[in-house]
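Given chain Z's structure and the hints, the job is docking chain G onto it.
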Amino acid sequence: MSILVVAEHDNSEIKGSTLNTVTAASEIGGDVSILVAGSESSSVAEQAAKISGISSVIHVDDPIYKNFLAEDLGNLVVSVADGFNYILAPATTFGKNFLPRVAAKLDVQQISDIISVEDADTFKRPIYAGSCIATVKSTDSVKVITVRTTAFDASPMVDSSVNVDVGAVVDSLNNSKFVSDEIAESDRPELTAADVIVSGGRALGSSENFKIIEALADKLGAAVGASRAAVDAGYVPNDYQVGQTGKIVAPSLYIAIGISGAIQHLAGMKDSKVIVAINKDEDAPIFQVADYGLVGDLFEAVPELTDSV
Amino acid sequence: MKILVPIKRVVDYNVKVRPLSDNSNVDLNNVKMSVNPFCEIAVEEAVRLKESGQASEVVVVTVGGDESQEQLRACLALGADRAILAQSEGLLEPLAIAKVLTKIVESENPNLIILGKQAIDGDNNQTGQMLASLLDMPQATFASELKVEEDNALVTREIDGGLQTINVSLPAVVTTDLRLNEPRYASLPNIMQAKKKELSIQNVSDLGLDVSNRTSILSVELPPVREAGVMVDTVDELVEKLKNEAKVIT
Chain Z
515 MSILVVAEHD
525 NSEIKGSTLN
535 TVTAASEIGG
545 DVSILVAGSE
555 SSSVAEQAAK
565 ISGISSVIHV
575 DDPIYKNFLA
585 EDLGNLVVSV
595 ADGFNYILAP
605 ATTFGKNFLP
615 RVAAKLDVQQ
625 ISDIISVEDA
635 DTFKRPIYAG
645 SCIATVKSTD
655 SVKVITVRTT
665 AFDASPMVDS
675 SVNVDVGAVV
685 DSLNNSKFVS
695 DEIAESDRPE
705 LTAADVIVSG
715 GRALGSSENF
725 KIIEALADKL
735 GAAVGASRAA
745 VDAGYVPNDY
755 QVGQTGKIVA
765 PSLYIAIGIS
775 GAIQHLAGMK
785 DSKVIVAINK
795 DEDAPIFQVA
805 DYGLVGDLFE
815 AVPELTDSV
Chain G
561 MKILVPIKRV
571 VDYNVKVRPL
581 SDNSNVDLNN
591 VKMSVNPFCE
601 IAVEEAVRLK
611 ESGQASEVVV
621 VTVGGDESQE
631 QLRACLALGA
641 DRAILAQSEG
651 LLEPLAIAKV
661 LTKIVESENP
671 NLIILGKQAI
681 DGDNNQTGQM
691 LASLLDMPQA
701 TFASELKVEE
711 DNALVTREID
721 GGLQTINVSL
731 PAVVTTDLRL
741 NEPRYASLPN
751 IMQAKKKELS
761 IQNVSDLGLD
771 VSNRTSILSV
781 ELPPVREAGV
791 MVDTVDELVE
801 KLKNEAKVIT
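Listed in order, the protein sequences are those of chains Z and G.
If you use the working numbering, the first sequence corresponds to residues 515 to 823, in order.
If you use the working numbering, the second sequence corresponds to residues 561 to 810, in order.
A couple of the hints might just be wrong.
Claimed, not checked - Calculated lysine to any residue pairs in the SDA-like style (CA-CA distance at most 20 angstroms, straight line):
1. K619(Z) <-> E653(G)
2. K733(Z) <-> K803(G)
3. K801(G) <-> K691(Z)
4. K691(Z) <-> E705(G)
5. K610(G) <-> G722(G)
6. K580(Z) <-> G721(G)
7. K801(G) <-> V710(Z)
8. K787(Z) <-> D711(G)
9. K691(Z) <-> G722(G)
10. K787(Z) <-> P783(G)
Just so you know, the hints here were simulated from the structure itself, not pulled from any lab data.
The following block holds chain Z by itself, in its conformation from the complex (with noise of 0.2 angstroms):
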C-alpha cells in the first residue's frame, strides 16, 4: 500500500494537524509519503522528512502555494496521485477546503472526518454531529479521507531524515486570489493544540466578563474557548468556537464554564481527558458529560479557582 498524507503547515512549521494524520496513515500500513505544497517552504520539508513513520517527502514550493487556494492545491494533489492507493489530508479547514476536490476529479467518494481505521477499507466516523458513530466501507479502488486531528496521536520527531524529492509546480487556474489574513495573534496556546483549555458560555453575560475565563486561563498556561452562544453573542470572536461546526478539541483538562452542554458543543469536546463542568444550573447537560461538576455562581467561583491553582 501507498499512501500519500498532503500536510498542514504555514510556510515556516509543520502543523500538529500533520502529525495526527500520519498515525492515522501509518495504522492504515504502508509507505506513507508526505506532500509540502508551500512558497518558500524548505524549512517545512526538512521537518516533515524528520517525521516518524515517513518513507519519502515530495516539495513543491511555488508561490502560487502560499496561501494554499483550493483550486491550485487540488490541482497540485491530483497530479501527484498516480500510483497512491490512498491520500489523506487532516479535516481542518485546510483539508476540508481542498480534498474533496482531489475525490471528485479522481471519482472517489471522499470519507470525511474519520476517528478509527478498522481495516484498509472500513473506518469509523461521526455523523449527526457526533449523536452517532458509523462504520462505514469504501469500495473506492482509491481512498481519499479527511482524519478528524484528535482521534490520533501525533507521530512523534525522529532525529534522521528521509529524501526530499523535488515534485512539478501545476499551472494556476488564476481565478482565486487571496486578498488578505486576519489571524489572531495571542501569547495563548492555539486551541486545538492546547493541554489546557478554558472555556466561557453565553452566562459569562458580556466580553467585559470574558476576562475572568482569561485569567484563570493565563493562570493554567491555557487557551480560551466558547461555546457557539457566547460567539454568537459577540463576546468573543469566532475562531474561539468549540463544537461541531467550530474546533474540535481533545486537552487533557477542558474547564466549561456557564456553557450548558447543547449537543453542538458537546461533539467539540466530550473526547477531553478531564471535563470539569462550572454551572449555577444543576440540570444542565454539560454535568452528564463532566467529570467534575461544581453547581454555583460562576463570578464567585472562577476568581475563587484563579486564585487557588
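Structure of chain G alone, referenced to chain Z:
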C-alpha cells in the same frame, strides 16, 4: 445575475438522532424533516442579493425523493423564484449529488452557486467543493461575508485561527458558514404564494450519470458514553481533586 442554490432535506436539527435497534443505520422513522440549516443561510444570502438588486433570479434545486418538494416549497416561501427537483431513488452520496448538480448548472448557467458548507446529517462537507472541482470553477468555502461585484466576488472565509479573504472570479461556488447571515422566517402570505411558484421535476436516471454508491454503512452506534463524574461542593474540593485524583494540574 442568476443564483443557483442547491439545498438538502435533512432531519430537523432539534431531533436527537439514534441508531435503529439492529444498528444498521440511524432511525429516521417519524422524525421531523427540515431544510438543512446551512442551506437556509445559502437561500437567505441569495434572496438578499436579489432584494438589493444585484441578482435577478434565485433558483433552488435539490437531489432527492418526491418528499423533498416540501423543502423546496419552504425555500420558495423564503423568497426563491423557482425550484428544481432532481428526483433520485434512494439517497445519493456527495460525489453523485455533485455530478447531478453539474448537469443542472450546465442547463441553468448561473453566475453564482451558493450552498451550505455541510449537511447536518452526514456532516461530510464535500458537495460544494466537489461541484466546483467538476466544473473547474473557483470556490470560496465557509463564507462569513460575501460581496458580489461585476465579474468577481470578495469572500471572507472562516478558517482555523481567524479569517481569510479571497477574490474569486465568477461563476464561482460559495459555501456558507453559520455567521454569514440570520435566515428570516417565512410569512404566511409568502408560504401561500410559494405554492404557486414553478417547481419542475427531472429524473436523475435520465441524466446518464454514474450515481452509484461507493460506500456502505456497516453499522451505526451510539458514541461511547462518558462515565458519570462526581459533583463537588466547593472550589477547594475541585482543586484538590484536579491535583491529586485527576492529576491534571500541579
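Each hint, compared with the structure:
Distance restraint check for K619(Z) and E653(G): the Cα-Cα separation of roughly 15 angstroms lies within the 20 angstroms cut-off, and the hinted pair is therefore satisfied. Proximity of K733(Z) to K803(G) is assessed by CA-CA distance (about 15 angstroms); at most 20 angstroms being required, the pair is judged to hold. Of the supplied pair hints, the one linking K801(G) and K691(Z) is violated, its CA atoms being roughly 52 angstroms apart against a limit of 20 angstroms. Distance check on the hinted pair: K691(Z) and E705(G) sit about 16 angstroms apart at the alpha-carbon level, within 20 angstroms; holds.
A threshold of 20 angstroms between alpha carbons decides the hint, and for K610(G) with G722(G) the separation of about 29 angstroms lies outside it, so the pair is violated. Note on K580(Z) and G721(G): the hinted pairing holds, with a Cα-Cα distance of about 17 angstroms set against a maximum of 20 angstroms. Our distance criterion of 20 angstroms between C-alpha atoms is met by K801(G) and V710(Z), whose separation comes to about 16 angstroms. Between the alpha carbons of K787(Z) and D711(G) the distance comes to roughly 50 angstroms, so the proposed pair goes past 20 angstroms and is violated.
Between K691(Z) and G722(G) the CA atoms are separated by roughly 18 angstroms; this keeps the pair inside 20 angstroms, and the hint holds. Restraint check: the Cα-Cα separation between K787(Z) and P783(G) comes to about 16 angstroms, which is no more than 20 angstroms; the hinted pair holds.
Consistency note: the structure conflicts with the earlier hints numbered 3, 5 and 8.
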